[in-house]
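Listed below are the residues making up each chain.
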Amino acid sequence: MNLEKVVFSFFMILALTLNFGFFVGEVDNPDHHNVYELYAVLVVNLVATIMKFGDRSQLGAMLLATSLVAVVQLISASIVWTVAVHVQETGLTPAVMSTIVSLSGGAMLANIISVILLMIEAAMLRR
Amino acid sequence: MNLLTSMILRRMRKPFIMLIAVYNIAILGMILIPGVDDQGNPWHMSIFHAFYFVSYTATTIGFGEIPYPLSDAQRLWAVFSIYTLVIAWLYAIGKIFTLIQDPHFKDAVTSSRFKRTVRSMHEPFYLVCGLGETGYEVVTALTEEHYRAIVIENNPDNLNEIRLHDMREFVPNIIGDAADALQLEDAGIKLPNCKGVIALTATDDVNLKIAITSKLLHPNVKVVCRSELKEYEENMLSFGTDHVVNPYETFATMFEMLMHSPSLHLIYDWLTGAPYTHLTDPVYFRYGHWILCGYGRFGKELYKLLVEHDIDVTVIDPSLDVRDEFERHHVENKKNFIVGTGFDEKTLRQAGVDKSAGIIAGSNNDSNNLSIIMTARAVNPDLFVVARQNIYNNYDLYTATHANLIMRPREITARKIRAVFLNPLLVDYLKLARNYDEEWANVTVSRLSAVVGKNKPHIWTVEITEKSSPAVAEALELGRFINLGHITQDPASRYLKLKCVPLLHQCGEQQTMMPNEELAIKPNDKILFCGTREIKNSMYVTLSVMSSLNYVMTFRDEPESFIWRLMDRYMHKTERRRVPRPKL
Chain A
0 MNLEKVVFSF FMILALTLNF GFFVGEVDNP DHHNVYELYA VLVVNLVATI
50 MKFGDRSQLG AMLLATSLVA VVQLISASIV WTVAVHVQET GLTPAVMSTI
100 VSLSGGAMLA NIISVILLMI EAAMLRR
Chain B
0 MNLLTSMILR RMRKPFIMLI AVYNIAILGM ILIPGVDDQG NPWHMSIFHA
50 FYFVSYTATT IGFGEIPYPL SDAQRLWAVF SIYTLVIAWL YAIGKIFTLI
100 QDPHFKDAVT SSRFKRTVRS MHEPFYLVCG LGETGYEVVT ALTEEHYRAI
150 VIENNPDNLN EIRLHDMREF VPNIIGDAAD ALQLEDAGIK LPNCKGVIAL
200 TATDDVNLKI AITSKLLHPN VKVVCRSELK EYEENMLSFG TDHVVNPYET
250 FATMFEMLMH SPSLHLIYDW LTGAPYTHLT DPVYFRYGHW ILCGYGRFGK
300 ELYKLLVEHD IDVTVIDPSL DVRDEFERHH VENKKNFIVG TGFDEKTLRQ
350 AGVDKSAGII AGSNNDSNNL SIIMTARAVN PDLFVVARQN IYNNYDLYTA
400 THANLIMRPR EITARKIRAV FLNPLLVDYL KLARNYDEEW ANVTVSRLSA
450 VVGKNKPHIW TVEITEKSSP AVAEALELGR FINLGHITQD PASRYLKLKC
500 VPLLHQCGEQ QTMMPNEELA IKPNDKILFC GTREIKNSMY VTLSVMSSLN
550 YVMTFRDEPE SFIWRLMDRY MHKTERRRVP RPKL
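Protein chains in written order, with numbering that gives the first Met the number 0: chain A, 0 to 126; chain B, 0 to 583.
There could be a bad hint or two in this list.
As the list claims (entries may be wrong) - In silico lysine-lysine, DSBU-like type, Cα no more than 35 Å apart, as pairs: (1) B:K229 to B:K333; (2) B:K345 to B:K299; (3) B:K535 to B:K525; (4) A:K4 to B:K229; (5) B:K455 to B:K498; (6) A:K4 to B:K535; (7) A:K4 to B:K13; (8) B:K466 to B:K498; (9) B:K525 to B:K572.
To be verified - A short list of chain A residues far from chain B (calculated; beta carbon distances all over 12 Å): (10) V68; (11) S77; (12) T81; (13) P93; (14) V95; (15) I111; (16) M118; (17) A121.
Since the hints were made in silico from the structure, they are not lab data.
It should be emphasised that the depicted structure is a prediction, and the values quoted were computed from it without experimental measurement.
Beta carbons: idealized from backbone N, C-alpha and C, even for Gly.
All chains, please: the whole structure from these sequences, using the hints.
Shown next, in the form of structure tokens:
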């Protein structure tokens with residue numbers, strides 16, 4: 000067992016599961032989506048991205064790309080949230096909420112691809 | 000992903016993860032610990048405010064307690080956060096600086112910048128391997144003529160900025176091993192605009208490797224190598240190296256020329272020295288008894304030459320092995336070998352210096368050579384002195400000896416390479432010139448000295464092509480007749496000729512030595528001229544400006560603008576009308 004692989008996979012799968020946790024629920028209902036969960040998703044995704052830095056293989060490049068996509072989506076979601084609550088002070092209207100949740104849905108898709116790639120890599124190694 | 004970015008990313012992985020971790024612990028604490036707002040109600044920081052607070056604290060900016068004064072519990076947490084955050088930041092920044100200072104990283108940056116510069120170069124360029132004194136002279140000569148050069152050199156001392164800074168063109172350069180094929184590829188050997196490879200490293204072995212690699216990777220490229228050993232030279236030529244420059248052999252050729260015809264030697268010296276040296280005075284060879292000090296590579300070449308011309312030679316060399324070798328090869332001249340260094344009067348007198356015609360100081364030690372010259376001159380001031388210079392820095396010392404001939408390997412190599420790349424016709428010219436007699440050479444010498452005088456001679460090649468002489472090419476296309484006399488006409492005055500000598504005219508395969516003025520010019524001809532730099536510039540006015548060409552052909556200034564042309568035509572008509580028609 001390789002500790003590096005464990006940590007690496009841990010963060011990638013945690014990114015996906017947290018992302019899923021935030022995503023489930025009615026799309027425009029603020030009660031179903033917790034701000035701290037979004038925060039956690041963003042942080043875990045950032046860590047996962049940095050762990051993928053510097054891998055020169057083709058698969059490594061794909062993994063990095065999916066993570067970057069997820070991070071971009073999640074950062075946009077949190078910016079929307081911050082602007083709605085703190086800058087414009089409109090509060091979490093259904094329109095705002097659905098924007099945030101759909102952005103995080105996109106991030107989840109990227110995370111799913113990322114985990115699939117991880118599984119392909121594991122299947123290829125077979126040891 | 001290229002090597003450089005992946006290197007940065009891999010090194011920065013740890014500091015970044017640490018930064019994120021510390022940030023988030025601090026943010027989390029700020030969110031969880033309760034505070035009090037301005038009305039005294041319990042209040043929790045939102046994620047946004049906590050992030051804001053941590054951001055300005057971590058970067059040591061410190062805006063204060065925003066939006067409400069912190070509670071004591073929050074302050075306690077803030078103290079903890081400040082120390083951890085600042086340490087994490089310093090650690091990350093420190094890592095970045097270490098990375099920038101890392102020698103491997105620096106190498107990676109230089110080499111990737113070099114590769115980018117080479118790839119973005121669109122003009123033709125020459126690849127110079129080895130930037131010793133010869134390489135430096137070659138690069139100077141190339142850039143003076145606005146050719147581009149790329150340099151690979153393995154000694155960082157030779158590659159300092161100052162040496163390449165004064166060049167007319169920017170010279171991309173890299174520290175590296177030119178024998179390495181990958182290094183040559185990085186330097187653009189495979190690019191279509193790489194026109195030539197010049198191998199001038201210190202060892203023949205590396206030069207040979209460069210030549211092989213170049214011919215394999217880019218078969219059309221022109222390769223010139225320096226070689227000091229015969230076996231390498233033959234090997235280099237065997238797979239298509241275009242020119243091999245062996246300074247000892249070249250000097251021997253020049254020496255032979257001097258024995259046959261001083262004027263021919265003078266032509267050779269003047270033309271290869273251009274454009275850096277003034278015209279030199281003729282040197283006259285002296286027949287009689289000769290002394291040769293130093294029987295190495297250089298000495299052997301000259302010994303062979305002298306003996307072939309029935310000259311009596313006494314050889315002086317300190318090595319006993321050399322004596323044995325000499326006695327084996329030259330059984331009949333066995334007694335003409337003296338063991339010694341030659342810088343003491345006794346040995347020289349034993350060799351017969353007082354009755355000798357000439358002496359060759361040809362050892363591989365400069366102080367010995369200089370001392371041989373001084374001692375021999377003291378005994379016999381009329382000696383013809385040939386000196387071999389080994390170390391470039393002794394240039395002035397050797398000049399001060401007033402030796403009749405000085406062999407400077409680096410200068411000889413640089414001269415030859417200059418000719419090969421800048422004026423390939425000059426190489427042909429000098430080869431053909433050897434077939435002519437002394438009288439021809441005398442005429443040529445007087446013609447050259449008449450046009451050059453006290454200036455520095457300049458050699459240039461005119462190509463009748465759309466690109467280098469557009470006016471002439473266009474006129475020929477229109478069917479006009481142009482001869483060499485038109486080109487050598489001064490475009491500023493009908494009474495003057497340009498002070499230059501056409502040396503060689505090449506039309507297809509046919510070459511004409513010293514062509515005369517009636518010679519008709521055809522497209523794609525090449526003509527080699529000798530004159531001065533100013534004359535060259537005037538000639539290019541004729542070659543590229545239509546009105547100037549028109550003037551030298553008709554001696555009339557044609558009006559160029561529309562109105563003037565109309566007026567001119569009108570005036571001509573009236574002029575013609577006034578002339579009475581001839582009666583039939």
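Structure-based check of each hint:
1. B:K229 to B:K333: The hint holds at about 25 Å.
2. B:K345 to B:K299: holds (24 Å)
3. B:K535 to B:K525: holds (15 Å)
4. A:K4 to B:K229: Status violated; Cα separation ~61 Å.
5. B:K455 to B:K498: Given pair K455 (chain B), K498 (chain B) holds - Cα atoms ~13 Å apart, limit 35 Å.
6. A:K4 to B:K535: Measuring from Cα to Cα gives roughly 72 Å; hence the hint is violated.
7. A:K4 to B:K13: At roughly 16 Å apart (the allowed maximum being 35 Å), K13 (chain B) and K4 (chain A) satisfy the hint.
8. B:K466 to B:K498: holds (24 Å)
9. B:K525 to B:K572: violated (41 Å)
10. V68: Non-interface label on V68 (chain A) holds, nearest chain B Cβ at 17 Å vs cutoff 12 Å.
11. S77: Given a closest Cβ separation of 8 Å, the condition is violated.
12. T81: Since the minimum Cβ distance to chain B is about 5 Å, T81 (chain A) lies within 12 Å and the statement is violated.
13. P93: P93 (chain A) clear of chain B: closest Cβ-Cβ about 21 Å, beyond 12 Å.
14. V95: holds (15 Å)
15. I111: holds (23 Å)
16. M118: Nearest chain B Cβ is 23 Å from M118 (chain A), so the label holds.
17. A121: holds (21 Å)
When the structure is compared with the earlier hints, violations turn up for hints 4, 6, 9, 11, 12 and for no others.
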